[in-house]
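Taken in sequence, the protein lines are chains W and A.
Read in our numbering, the first sequence has 115 at position 99, and its numbers run on one by one without any break.
Read in our numbering, the second sequence has 84 at position 74, and its numbers run on one by one without any break.
Errors might be hidden in some of the hints.
[What the hints assert, rightly or not] With a cut-off of at most 27 Å between alpha-carbon atoms, the simulated DSSO-like pairs for lysine-lysine come out as follows:
(1) K184(A) x K208(W)
(2) K19(A) x K274(A)
(3) K328(A) x K151(W)
(4) K340(A) x K383(A)
(5) K188(W) x K32(A)
(6) K335(A) x K400(A)
(7) K19(A) x K208(W)
(8) K264(A) x K274(A)
(9) K340(A) x K184(A)
(10) K32(A) x K183(W)
(11) K61(A) x K188(W)
(12) K47(W) x K61(A)
(13) K450(A) x K47(W)
(14) K283(A) x K184(A)
(15) K223(W) x K400(A)
(16) K405(A) x K383(A)
(17) K223(W) x K79(A)
(18) K99(A) x K47(W)
(19) K208(W) x K274(A)
(20) K208(W) x K264(A)
(21) K223(W) x K99(A)
(22) K335(A) x K208(W)
(23) K383(A) x K223(W)
(24) K184(A) x K99(A)
(25) K201(A) x K79(A)
(26) K400(A) x K201(A)
(27) K208(W) x K400(A)
(28) K79(A) x K47(W)
(29) K340(A) x K183(W)
(30) K208(W) x K79(A)
(31) K151(W) x K223(W)
(32) K184(A) x K107(W)
[What the hints assert, rightly or not] Covered stretches of chain W, going by a simulated chain A footprint (3 or more residues, C-beta under 8 Å):
(33) 108–117
(34) 157–170
Hint data in this document are derived by calculation from the structure and do not stem from the laboratory.
Glycine included, every Cβ here is placed at the ideal spot set by N, Cα and C.
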Amino acid sequence: MEPFNTHTGMVMPLDRVNVDTDQMVPKQFLKALTRQGFGRILFYDWRYLPGERPNPEFVLNFPRYEGASVLLARHNFGCGSSREHAPWGVKDYGFRVIIAPSYADIFYNNCFKNGILPASLSEEQVEELFQRTEKEEGYMLTVNLPNQTVADRHGLMFRFDLAPSRKEVLLKGLDDIGTSLQHETDITSYEKAHGATATMYEAVDVKNYVNARQ
Amino acid sequence: MPPKTLYEKIWDSHVVHEEAGKPALIYIDRHLIHEGTSPQAFAGLGAEGRKVRRPDLTFAVMDHSVPTKDRTLPIIDTAARLQFEALEKNCRETGVRLFDMNSRNQGIVHIIGPELGLTQPGQTIVCGDSHTSTHGAFGTLAFGIGTSEVEHVLATQCLVQSRSKTLHILVEGKRPRGVTAKDIILAIIGKIGISGGTGHVAEYGGEAIRDLSMDGRMTVCNMTIEGGARAGMIAPDETTFAYMEGRPFVPRGKAFEEAVAGWKKLTSDEGAKFDMTVELEAQDLAPQVTWGTNPGMVTSVTGRVPEPGSFHDPNDQKATESALKYMGLKAGTPIVDIPVDRVFIGSCTNSRLDDLRAAAHLVAGKHVAHSIKQALIVPGSRGIKAQAEKEGLDKIFRDAGFEWRDAGCSMCIGMNADVLPPHERSASTSNRNFEGRQGKDSRTHLVSPVMAAAAAIAGHFVDVRSLDVSTVE
Ligand code: SF4
């Protein structure tokens, strides 16, 4: 995974609470077989009118936010479905950072698997950023992960909290699976001690029939 | 030893590796996968040359996009067909057991786990699907994960997790007639809000929860995620063991007795501390109906569509305004005056036998209103479908003007042909009323199965308590 250190980019405000992952990537796009190409359809139903004409009333289509890479959002961002297609879309569109007062658990987790930094600031701080973004065309923020700060060029600086282990994953661009596989001995001895099985006592109609019953 | 919560007991018994200040590596007993969120995980695994560590603990099913009409016909949706083929191929190559759409045990992933006895108390269960919380009804730690985590579990049979906070939800007293498990959980979400449980694992208790059947308990745990908590659990008891006995993957005879003896220890100890507690009185509850675009936007059937101004928080006011606009509703409208276009009884929330029986009893001898364009019954699994047919429920539904379909997710998510058309309004027993959930621009009202059945007969919402039907419980 691509490591994250600092990022400077233009801010796009999404002024809605409880944005769910169904809105980020609607169901018709869940039939894909790859992780690519979800940027084009991010926020599909809000973003496009019939015939995929851009909806001029949706913020993503405002010319002033073209090229934005910092997504400013409200409370409980990413609730609902566990679909990782949502962060894939966020990343593929070009966002590297999300700033919001709070996130839903599964979405928050999924961000770290994809090199996206979901920074949490207080409601008041987020409100301040909304106002500044509204006022200043091309409003930019610099997000510094090592220092855990969000700053603009006018001297504003907010600190955000982040679990140290999460921070490390992003900073180093760690591959979780590789790290876990280093604990192979622990996993094997756990398996020996606990002997987890799924024994079938009565045949069911299943392909690749295996019976772990010994 | 200090007293422990159920969550802590299951957590502690699954830690494979832990270092201070870091998330732990925990072992996963059951990994359930489906066609929608697994192809990229298998692809990632293959790209790294990694293997599925425990195909024998991994179970796959086709549910999200399967047709609910005739399965002997070719699948015309190419994208869906390619996903089915990918799942089939991935399972064949890795030895993962697959319930394909022609299996007589096929069904929605969260329905067949418990039905087949794959779900057992004390386990950790994950699936690339947020409603994995359903399995918690058996006293398991079960939660939804993203596709990268699916890949992680395939490769390691473990997951990197931090301990959650704990939330105790107590529903005391007796449930009044007409108030179902669905109404209990909707009322809870209405009370705590859709992010009220974020960061927590919920455990349900209290007389009203204990009194629920396993089908009802699964409904409650299923929608836990809609209140923000990733997992919901109920300590196993005699109701649990009676449900489990004799199911295909449940130990038999003496082994069963031994298992039960172990499962009985899976309760929160006296004096165990929870980070947060929420209490409700069952007797205060009425049947619930959602009016907005998330499950927390809910009220009693006796209520009205709220005024945006009645909310304190300006964010809530804005959200309510936009929800009413999307839903095509006027503030102040009595819930019972809202007409319904289509009715959907199905989904992993409410498509089990108890749900179908209750709905069937309510519609027996009656007919769906003329104004209703479609009334769908989609059993959660083919096993449930077969049992319902044995009991003659299919005939009751058909005679009343309902369509009787094959098992799958169907109109809960509209990934197959069962889509709610734009601007049409449903009474749906599913779990999400997000914008576009059942179809672009569609309008969803979440209700219990008996409330949905009653709406089908009347053409609008009705308070089931006013009906002279013994089976509204
Ligand atoms: S029935 Fe609905 S909520 Fe349940 S697994 Fe299927 S799509 Fe998800």
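Enumerated hints in conflict with the structure, sorted upward
1, 6, 9, 22, 23, 24, 25, 26, 27, 29, 30, 31, 32, 33 and 34
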